[in-house]
Structures are given as C-alpha cells and as structure tokens.
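Sequences are here, hints too, so could you generate the full structure?
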Amino acid sequence: MASRRGILITGTDTGVGKTTVAVGLARVLADEGWDLGVMKAVETGWPRDRGAWPADAALLREAARSPDPPEWVVPWIFEEPLAPFVAARREGLSSLREKIVSAFANIAEHHSFTLVEGAGGLSVGIQGEGPHLLDYADLALDLDLPLLIVGRAHLGTLNHCFLTEHYARTRGCRVLGFVLNGLDPSRGDPSVRENPALIAERSGVPVWGVLPQVEPAPTVETAAALIRDHFDLGAFCRAVDLPGPTSGDGP
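Here my numbering is used: the first residue of the sequence shown is 54, the next is one more, and so on.
Incorrect hints may appear among the rest.
Stated by the list, open to error - Here are the simulated DMTMM-like pairs of lysine to aspartate or glutamate, each with C-alpha atoms no more than 25 Å apart in a straight line:
1) Lys152 - Glu182
2) Lys152 - Glu132
3) Lys152 - Glu124
4) Lys152 - Asp191
5) Lys152 - Asp109
Please keep in mind that the hints were generated in silico from the structure rather than gathered at the bench.
Below, the structure is given as structure tokens:
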C-alpha cells in the first residue's frame with residue numbers, strides 16, 4: 054500500500070485563499086512529477102443540478118491532473134452555502150466522517166502524496182453538535198495529516214494566525230507552516246512588512262511565502278505561478294519529506 058503522506062491546507066477564515074494555495078501547490082507538485090492525490094472533503098453552496106464537480110474540487114483535480122472520481126475527491130457536496138455541519142444537519146446526515154475517511158484511504162492507496170483542502174477555518178464543524186462536534190482539527194487527526202495555515206497578508210492577520218495555530222496545537226495537530234495571501238501594495242499597509250516575521254517569532258512556525266492579490270480569482274496556471282514566485286517550495290518539500298524542486302527553492 055502507498056504511504057499515507059500528505060497535508061491538510063486550512064485557513065484563518067473563509068475566503069482567505071486556501072483554494073489558491075491548494076491549487077497552486079497541486080499544479081507545481083504535479084509538474085515536479087509527483088503522483089499527487091487531492092481532496093476537498095466537503096464543499097457547500099453547489100446545487101446538484103450543476104454537475105458532480107463543484108468549483109473548488111474541479112480546480113484541484115485539474116491542477117493535480119488527477120484521474121480520481123468525484124466520490125473520492127469531493128465525498129460530500131451540499132447545496133446550501135453554509136458551514137458543513139449546519140448543511141449536514143439540515144439534510145439529516147450524520148455519516149460525513151466515515152465517508153471522508155474512506156475516500157481519503159482510497160486516494161492514499163493510489164497516490165504517494167495527498168493534498169486535502171479544508172473549508173472555512175480549522176474549528177469549522179463538519180458534523181455533530183455541541184461538545185461532540187467534529188471539526189477540521191479532528192479530521193486532520195483522523196487522517197494523520199499536518200497543517201499548512203493560510204492567512205491574510207494585511208492588518209489583523211496576527212491575531213487570526215496566532216489563534217489558529219494555538220487551537221491546532223492544543224488539539225494535538227502539527228502545524229508545518231504558514232502562507233499569507235492577498236498582498237495589495239495599493240493599500241499602503243505598513244504591517245505587511247512585519248507580519249511574517251512576527252507570526253514566525255510568536256508561533257515558532259515558519260512563514261513560507263506572501264502571495265500577492267490576484268483579480269479575478271486565479272486560474273490553475275496563475276495560482277501555480279504565485280507558488281513558484283512567492284512561496285518557499287524547497288522548505289515545504291523538506292517539511293513534508295518530498296524531494297526539492299528541480300527549478301530552485303523558491304523566493
């Protein structure tokens with residue numbers, strides 16, 4: 054059986070750029086020749102009459118050039134744009150965990166490395182209620198995956214990054230690194246010069262890159278270019294025990 058190596062990409066908030074980072078990394082690793090599996094464990098806000106491939110999962114599959122079926126790549130799809138556990142409650146479902154773990158096992162058996170994209174932040178619920186709520190920290194532990202945290206580049210990111218890393222650590226998750234996204238020089242925000250060093254200093258976790266803002270939403274190739282140009286791919290590969298890039302070690 055193939056090694057169950059991989060990483061879960063989470064974020065400090067919704068809309069912070071997890072998909073950009075996940076898609077960019079998937080394409081770059083695929084271009085480096087890695088046999089890559091990808092998963093968007095739960096996707097919400099996708100009407101079933103629009104097809105079997107919701108937007109984020111479709112981009113991940115395209116980026117990784119994955120042949121895997123939708124039931125592996127995106128095992129749960131909900132129509133309403135809600136947190137997964139809320140959408141699951143409204144549909145009366147309680148077996149999300151088992152289906153996600155099973156789909157991941159299928160991917161891990163067929164690929165040497167698996168990249169999983171979360172939804173919202175690390176404490177966003179997937180199923181259950183109250184003290185029995187399963188969140189993305191639980192999922193990372195279930196799948197035995199370390200974390201890459203995506204945060205915003207601008208003012209306010211310090212608190213969000215510190216809280217996310219602290220929650221991960223208290224839950225027993227291993228955080229490998231941060232990447233900040235959405236840098237917009239036109240905002241004239243002096244905090245962006247200090248944020249990466251302050252995050253690394255206080256959390257003890259490296260910041261592997263700061264990605265510029267891209268409008269409209271990046272394509273697969275645009276996201277890959279952001280990773281190649283603004284992300285320390287060499288440090289990432291060393292952290293996850295992959296051979297380093299053939300085209301350099303990043304910025």
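query = Of the hints given before, which are not true for this structure?
reply = The structure conflicts with no hint, since it agrees with every one listed earlier.
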